[in-house]
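Peer 1: Protein sequence lines correspond, in order, to chains A and B.
The opening residue of the first sequence carries number 1 in my numbering; numbering runs sequentially from there.
The opening residue of the second sequence carries number 1 in my numbering; numbering runs sequentially from there.
Each hint should be verified, as a subset may be incorrect.
As the list claims (entries may be wrong) - Here are some chain B residues the structure puts well away from chain A; computed CB gaps all over 12 Å:
| hint | residue |
| --- | --- |
| 1 | 30 |
| 2 | 42 |
| 3 | 50 |
| 4 | 159 |
| 5 | 166 |
| 6 | 188 |
| 7 | 227 |
| 8 | 273 |
| 9 | 276 |
| 10 | 323 |
| 11 | 327 |
| 12 | 328 |
| 13 | 369 |
| 14 | 418 |
| 15 | 476 |
| 16 | 494 |
Said to hold, decoys possible - Heads up, simulated BS3-like pairs for lysine-lysine below, C-alpha to C-alpha not over 25 Å straight-line:
| hint | chain 1 | residue 1 | chain 2 | residue 2 |
| --- | --- | --- | --- | --- |
| 17 | A | 116 | A | 185 |
| 18 | B | 126 | A | 263 |
| 19 | B | 138 | A | 56 |
| 20 | B | 48 | A | 325 |
| 21 | B | 126 | A | 116 |
| 22 | B | 146 | A | 57 |
| 23 | B | 311 | B | 284 |
| 24 | A | 176 | B | 180 |
| 25 | B | 126 | A | 57 |
| 26 | B | 180 | A | 57 |
| 27 | A | 176 | B | 146 |
| 28 | B | 138 | A | 90 |
| 29 | B | 311 | A | 325 |
| 30 | B | 177 | B | 126 |
| 31 | B | 177 | A | 90 |
| 32 | A | 176 | B | 330 |
| 33 | B | 330 | A | 90 |
| 34 | A | 56 | B | 444 |
| 35 | A | 176 | B | 177 |
| 36 | A | 153 | B | 330 |
| 37 | B | 184 | A | 90 |
| 38 | B | 180 | A | 325 |
| 39 | A | 176 | B | 184 |
| 40 | A | 145 | B | 329 |
Bear in mind the hints are in silico, worked out from the structure with no lab data behind them.
Ideal Cβ positions, reconstructed from N, Cα and C, are used throughout, including at glycine.
Below are the chains, spelled out letter by letter.
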Amino acid sequence: MKGEKILNDGLMNIFEAHGINRRDFLKYCAATAALFGLSEFEFSSKLAYALESGSKKPSVMWLEGLACAGCTISLTQSLHPPVSSIILDKISLRQHDTIMAAAGHMVEEIHDQTVKEGGYILIVEGAIPSADDRFCEIGGRPFRKIVEEAARKSKAVLAVGACGAFGGIPRATPSKGISVTESLKKAKIDKPVINISTCPVHTDHLVGTILYVLVTGNIPELDSNGRPAMYFGDSRLIHDNCRRRAHFDAGEFLNDWNDPRQKDWCLLQKGCKGPMSHSDCSIRRWNDGINFCIDCGGVCQACGEPSFYEHVTPLYTVESESSKKIMAMKKAGMFTKEES
Amino acid sequence: MAKKITIDPVTRIEGHLKIEVEIENGKVKNAWSSGTMARGFEALLTGKDPRDASYVTSRFCGVCYSVHQLASSRALDAAFGAKVPWGGNLIRNLVMGAEYIYDHPLHFYQLSALDYIDIMAIADYKGNDKDLLAVKDKIVSLVKAKDTYPLTPRYEPDEFTVKDPDIVISAVSHYLKALKMHAKARNMGAIWGGRTPHYQNIVVGGVTSFPDINQVARFRSMLDEQAKFISEIYIPDVLAFGTGPLWPLAQMGIGGGHHNYMSYGDFQLDKDGKKLLFPAGVMKGLNPADIKIDTVIPERITESVKYAWYKENKPVHPYNGEQIFNLDKKNAYSFVKAPRYEGTAMEVGPLARMIIAKNSDILALVEKGAKPGAVARHAARAIETKMVVDACYHWLDQLQTEMTKPGFKIHDTEHWDPPSSGMGAGFSEPPRGALGHWIRIRDKKIENYQAVVPSTWNASPRCDNGVRGQYEESLIGAPVPDPKNPVNVVRIIRSFDPCLACAIHVIDPQDNQIRKFIIE
């Protein structure tokens, strides 16, 4: 999967790959306008026109299935870069039912046209029902079929959120939601899928992955669960970078949320799954670095792991399968800090 | 002859919604609202540790997560016998307040505005405003590149569409600004909620986030920026549109529906929860001259499944609701159940809240000739957003004082462990309207869990008595001169701010600072 070229080498892509942005390029052109015997204005506007109409933005299609729109909200809350610049400047967002102006049959027309063109990046939010197709239909068509058809003609597939990446909460419901990877495998469709898990997808993980793909034309390195290694992977254990880690080592576990003395103690006894969760949440944090689950006294529920939610319940005790594993590892001395 | 048209998907909403309308003589004669996606959360919760509920039900919806966490926690509070300390309630108010602040402007700009403006009019902007010229450049460059997705295609502009380049370009620049403000407002909630979407701090008994003074200061500073945006941009825009170009639509009262309104009331202003920012009440049939509001009696709520894809059953109270799917059921056309209050279909949401509150601005609008409907819903949102902003300042002050007192508490630790048995209901007023969660506990596990959410009330199909749901009723009589261009249909439906994933979670198996609406 790694290293697959998924974008056309449009003019701007070449410039951008060399770190030259559009504005800088225009500045350069304006400065050399005289050489062509034109006014700066004439030259730059002609060139801008040529560039705008010549450099086709990569097309992106976003589909939502058994989902709550939380991942869509993660997209819209991107501040750096602002979501408007992603949507209007960087990609041609053909379909996103929560954002697009079109409705009803127009959506189908755009969808069909985009599929016909092929070569787009497909983003799937939500799981796909496996119990019965009728648990999710759009325009009278099963969501499963819509995804299969769109995946076949795509360049790459991003499965976002716990639901899209691993089935998430819908996996445990009667609709029996399955991941995008599982669904495509069943339909014998061989397409690279990038799993960007957590519930919901982290804004930075989502935007970063999209930008990585656009800028490099490649799929990022993935971990054993198909997640971008730059955000997940074995070396990114939430527990290792948790601010409460010293209290875990010292055996200090929070019991009472009212006690200012215990405020920063380890949340293990409240069901924290940080010791088995891979993501950079504890370093990157959420919402522009303002906070993350553990620092609000909440508990890491391993929402980025394939085990979420079926194997992490009950959430607030040490009785879940996941917590039992953590307790066994703890007993075996596996969390002893190595001298560095 | 009547012509039937289907809009599927209805876009710029949350979730999957299909609307079918029958058009005769240029007007909607009949309508059907259909939710086309279901997961099955209640079935999932059966047999689980009750404390899972507040976390899991947050995932009903990624737009209005905190309110589900809150209503669920309140249902658990009742069932566990937990008494939330005042500090915990203040933080619960503040994170839900942040939800109003991001949600209502998002609805107006991102989800609705494109129904009312002709975005291509921007090309004709002749002014010199630097910021607006930048917006023009952006749109014009998209047009030149022949790639105006996702802003086009769209329904054709009609006689109610705003085409004045100055107004349109300013609206679009505010659209872009609102996106940024939306993201920033979400960051406010993350100060105590850990992150957004899906806060982590609201649990049975209170909250988990022990506040410090820096967090209070940070929230306040972010609130200042939002307050400015809301007073200087959002409210004036809603006023300008509502009383200007959209005034004819307001006078026609398109999208009015049944004119029955309900609010559970919310935002606790005192320790007992007796004093509320938004009062509770129910009103059947609107008569502005004689507004009669009754107390909500939750026992009078039932849900009908006659036209929904569930096993046949008589209408039952949510405590006794069951969720056994029947996807082959004849005549069923939605995954949404049909909740009724004393057998009557109700509108819930901002307009219902402001009418129940006898809000003077809304009443002034009605007095001037606006009929409660699609346009009034936008106005009600703006009015209450301002009320919540002002209240947030008040709660911040209170929290700041409270947290310096010795023995300050945020959580009822005595009632953290599930009781062997119990039952409880939790009510809330999220941006979209009346929300109720009901839980029954047996052997320390969830025996039954039910939620009746705002969009279930509004988006419901017909009930046992054949009475249409509020979306359906609101469409009756809407002008659709060209069946190929049913723009009024989507205007009406979007004015409710549909949130369909919430509606289908089952499966189984003030102040007076707001400027008066000036109508010339």
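Peer 1: Are the hints correct? Go through all of them and say.
Peer 2: Structure-based check of each hint:
With a cut of 12 Å on Cβ distances, residue 30 of chain B stays outside the contact zone with chain A, its closest approach being about 18 Å. Listed as outside the interface, residue 42 of chain B is inconsistent with that label: its C-beta sits roughly 9 Å from the nearest C-beta of chain A, within the 12 Å cut-off. At roughly 9 Å, the least C-beta separation between residue 50 of chain B and chain A is not larger than 12 Å, which violates its mark as non-interface. With a cut of 12 Å on Cβ distances, residue 159 of chain B stays outside the contact zone with chain A, its closest approach being about 19 Å.
Distance to chain A confirms residue 166 of chain B as a non-interface residue, since its nearest Cβ pair spans about 21 Å, more than 12 Å. The beta carbon of residue 188 of chain B sits about 9 Å from the closest Cβ of chain A, which is not more than 12 Å, so the claim that it is off the interface is violated. With a minimum CB-CB distance of about 19 Å to chain A, residue 227 of chain B clears the 12 Å threshold, and the non-interface call stands. The Cβ of residue 273 of chain B lies farther than 12 Å from every Cβ of chain A, with a closest approach of about 20 Å, so its non-interface assignment holds.
Interface exclusion of residue 276 of chain B from chain A stands, the closest Cβ pair being 26 Å apart, more than 12 Å. At roughly 8 Å, the least C-beta separation between residue 323 of chain B and chain A is not larger than 12 Å, which violates its mark as non-interface. Residue 327 of chain B, annotated as away from the interface, has a beta carbon of chain A within 12 Å; the closest lies near 5 Å. For residue 328 of chain B, the non-interface assignment is contradicted: its Cβ lies about 9 Å from the closest Cβ of chain A, within the 12 Å cut-off.
With a cut of 12 Å on Cβ distances, residue 369 of chain B stays outside the contact zone with chain A, its closest approach being about 30 Å. With 12 Å as the threshold on Cβ separation, the claim that residue 418 of chain B sits away from chain A is violated: the shortest Cβ distance comes to roughly 10 Å. At roughly 19 Å, the least C-beta separation between residue 476 of chain B and chain A is larger than 12 Å, which holds for a residue marked as non-interface. Not every CB of chain A lies more than 12 Å from the CB of residue 494 of chain B, the least distance being 9 Å, so the non-interface label is violated.
Distance hint between residue 116 of chain A and residue 185 of chain A is fulfilled; the C-alpha atoms sit about 22 Å from each other, no more than 25 Å. Using a Cα cut-off of 25 Å, the hinted pair residue 126 of chain B and residue 263 of chain A is violated, with the two alpha carbons roughly 58 Å apart. For the given pair, residue 138 of chain B sits about 15 Å from residue 56 of chain A by alpha-carbon distance, which is consistent with the 25 Å threshold. Proximity of residue 48 of chain B to residue 325 of chain A is assessed by CA-CA distance (about 20 Å); at most 25 Å being required, the pair is judged to hold.
Straight-line distance between C-alpha atoms of residue 126 of chain B and residue 116 of chain A comes to about 39 Å, which puts the hinted pair past the 25 Å bound. Restraint check for residue 146 of chain B and residue 57 of chain A: satisfied, since their Cα atoms lie roughly 11 Å apart, inside the 25 Å limit. A distance of roughly 30 Å separates the Cα atoms of residue 311 of chain B and residue 284 of chain B; the hinted pair therefore is violated under the 25 Å criterion. The straight-line distance between the Cα atoms of residue 176 of chain A and residue 180 of chain B is roughly 36 Å, outside the 25 Å bound, and the hint therefore fails.
Between residue 126 of chain B and residue 57 of chain A the CA atoms are separated by roughly 28 Å; this puts the pair beyond 25 Å, and the hint is violated. For the hint linking residue 180 of chain B to residue 57 of chain A, the alpha-carbon distance of about 23 Å falls within 25 Å, and the restraint holds. Proposed proximity of residue 176 of chain A and residue 146 of chain B is contradicted: the alpha carbons are some 42 Å apart, above 25 Å. As the CA atoms of residue 138 of chain B and residue 90 of chain A are separated by approximately 12 Å, the hinted pair is consistent with the 25 Å bound.
In summary, the hint linking residue 311 of chain B to residue 325 of chain A is not supported, as the alpha carbons are separated by about 40 Å, beyond the 25 Å threshold. In summary, the hint linking residue 177 of chain B to residue 126 of chain B is supported, as the alpha carbons are separated by about 21 Å, within the 25 Å threshold. For the suggested pair residue 177 of chain B and residue 90 of chain A, the alpha carbons sit about 18 Å apart, so the restraint of at most 25 Å is met. Simply put, residue 176 of chain A and residue 330 of chain B have alpha-carbon atoms about 24 Å apart, close enough for the 25 Å limit, and the pair holds.
Under the criterion of a C-alpha separation no larger than 25 Å, the hint pairing residue 330 of chain B with residue 90 of chain A is inconsistent with the structure, at around 47 Å. Restraint check for residue 56 of chain A and residue 444 of chain B: the C-alpha separation of about 59 Å exceeds 25 Å, so the hint is violated. In summary, the hint linking residue 176 of chain A to residue 177 of chain B is not supported, as the alpha carbons are separated by about 40 Å, beyond the 25 Å threshold. For the suggested pair residue 153 of chain A and residue 330 of chain B, the alpha carbons sit about 37 Å apart, so the restraint of at most 25 Å is broken.
Between residue 184 of chain B and residue 90 of chain A the CA atoms are separated by roughly 22 Å; this keeps the pair inside 25 Å, and the hint holds. Of the pairs offered as hints, the one joining residue 180 of chain B and residue 325 of chain A is violated, with about 42 Å between alpha carbons and a cut-off of 25 Å exceeded. For a cut-off of 25 Å, the pair hint linking residue 176 of chain A to residue 184 of chain B is broken: about 35 Å separates their Cα positions. A threshold of 25 Å between alpha carbons decides the hint, and for residue 145 of chain A with residue 329 of chain B the separation of about 23 Å falls inside it, so the pair holds.
Checked against the numbered hints above, the structure violates hints 2, 3, 6, 10, 11, 12, 14, 16, 18, 21, 23, 24, 25, 27, 29, 33, 34, 35, 36, 38, 39; every other hint is satisfied.
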